[in-house]
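Please model the entire structure based on the sequences and the hints provided.
Going line by line, the protein sequences match chains A and B.
Numbering (the working numbering) for the first sequence: 3 to 115.
Numbering (the working numbering) for the second sequence: 21 to 135.
Everything labelled a hint here was simulated from the structure, so no lab data went into it.
Note that the structure is a prediction, hence the values are computed from the model and not measured.
Using N, Cα and C, we set each Cβ at its ideal position, and we do this for glycine too.
One or more of the hints may lead you astray.
[Claimed, not checked] Rough simulated footprint, nothing fancy, chain B against chain A, three-plus residues with beta-carbon under 8 Å:
#: 1; segment: 41–55
#: 2; segment: 106–114
[Claimed, not checked] Facing chain A, from chain B, some residues (calculated, C-beta under 8 Å):
#: 3; residue: Thr-44
#: 4; residue: Leu-66
#: 5; residue: Lys-122
#: 6; residue: Gln-127
Chain by chain, the residues:
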Amino acid sequence: DAGVTQSPTHLIKTRGQQVTLRCSPKSGHDTVSWYQQALGQGPQFIFQYYEEEERQRGNFPDRFSGHQFPNYSSELNVNALLLGDSALYLCASSLGQGYQPQHFGDGTRLSIL
Amino acid sequence: GDSVTQMEGPVTLSEEAFLTINCTYTATGYPSLFWYVQYPGEGLQLLLKATKADDKGSNKGFEATYRKETTSFHLEKGSVQVSDSAVYFCALPLAGGTSYGKLTFGQGTILTVHP
Numbered sequence: 003d004a005g006v007t008q009s010p011t012h013l014i015k016t017r018g019q020q021v022t023l024r025c026s027p028k029s030g031h032d033t034v035s036w037y038q039q040a041l042g043q044g045p046q047f048i049f050q051y052y053e054e055e056e057r058q059r060g061n062f063p064d065r066f067s068g069h070q071f072p073n074y075s076s077e078l079n080v081n082a083l084l085l086g087d088s089a090l091y092l093c094a095s096s097l098g099q100g101y102q103p104q105h106f107g108d109g110t111r112l113s114i115l
Numbered sequence: 021g022d023s024v025t026q027m028e029g030p031v032t033l034s035e036e037a038f039l040t041i042n043c044t045y046t047a048t049g050y051p052s053l054f055w056y057v058q059y060p061g062e063g064l065q066l067l068l069k070a071t072k073a074d075d076k077g078s079n080k081g082f083e084a085t086y087r088k089e090t091t092s093f094h095l096e097k098g099s100v101q102v103s104d105s106a107v108y109f110c111a112l113p114l115a116g117g118t119s120y121g122k123l124t125f126g127q128g129t130i131l132t133v134h135p
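Spelled out as structure tokens, the structure:
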């Protein structure tokens with residue numbers, strides 16, 4: 003039984019570019035949340051997707067957007083990249099919009115040059 | 021707003037030593053509280069949880085008690101092993117979210133255990 007899988011594992015971009023990160027939830031899960039973890043910090047909630055809609059959002063600008071597909075997989079898009087966007091991006095999945103514990107993937111390390 | 025504060029600075033212990041990592045929280049009402057662990061190069065794993073005041077969560081020898089009087093949820097283990105070396109995060113769900121969703125995390129405590 004595969005857990006949460008994220009791709010790519012590492013990514014290097016330059017300022018101003020756009021990036022798309024992908025997440026496949028654990029089998030049987032229908033809710034996907036995204037977190038940003040800066041170096042040496044705890045993860046910060048970006049947003050949560052359920053039934054293909056953004057249900058909750060943290061304190062992140064509109065440059066951060068997402069999508070959930072009918073198979074429950076999800077993408078995180080970041081436009082106009084800034085140096086401060088360098089971080090580990092974690093995807094977490096759960097069942098039923100957060101009424102069960104979240105399972106985290108290993109993350110995508112994004113570096114902005 | 022809801023928040024979590026963990027003890028600052030890394031913790032370095034010898035194998036079989038006693039571990040305490042402090043966590044205090046500020047929240048509306050009495051949310052569930054969690055400890056997550058992050059091993060090098062991996063994502064976060066739920067270590068233990070407590071869903072109401074005076075609950076004790078436990079797993080893999082780790083324990084934490086939900087203390088509403090002191091708004092604390094300190095993590096303890098009686099005898100640490102080298103394999104416990106990791107980063108530990110205290111967390112709670114933000115107000116307006118579901119019981120496990122929209123988590124807010126402390127800044128993390130790095131634990132290093134030497135043989």
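Against the structure, the hints:
no.	hint	verdict
1	41–55	holds (count 7)
2	106–114	holds (count 4)
3	Thr-44	14 Å, violated
4	Leu-66	5 Å, holds
5	Lys-122	5 Å, holds
6	Gln-127	5 Å, holds
Comparing the model with each numbered hint stated earlier shows that hint 3 is the single one that does not hold.
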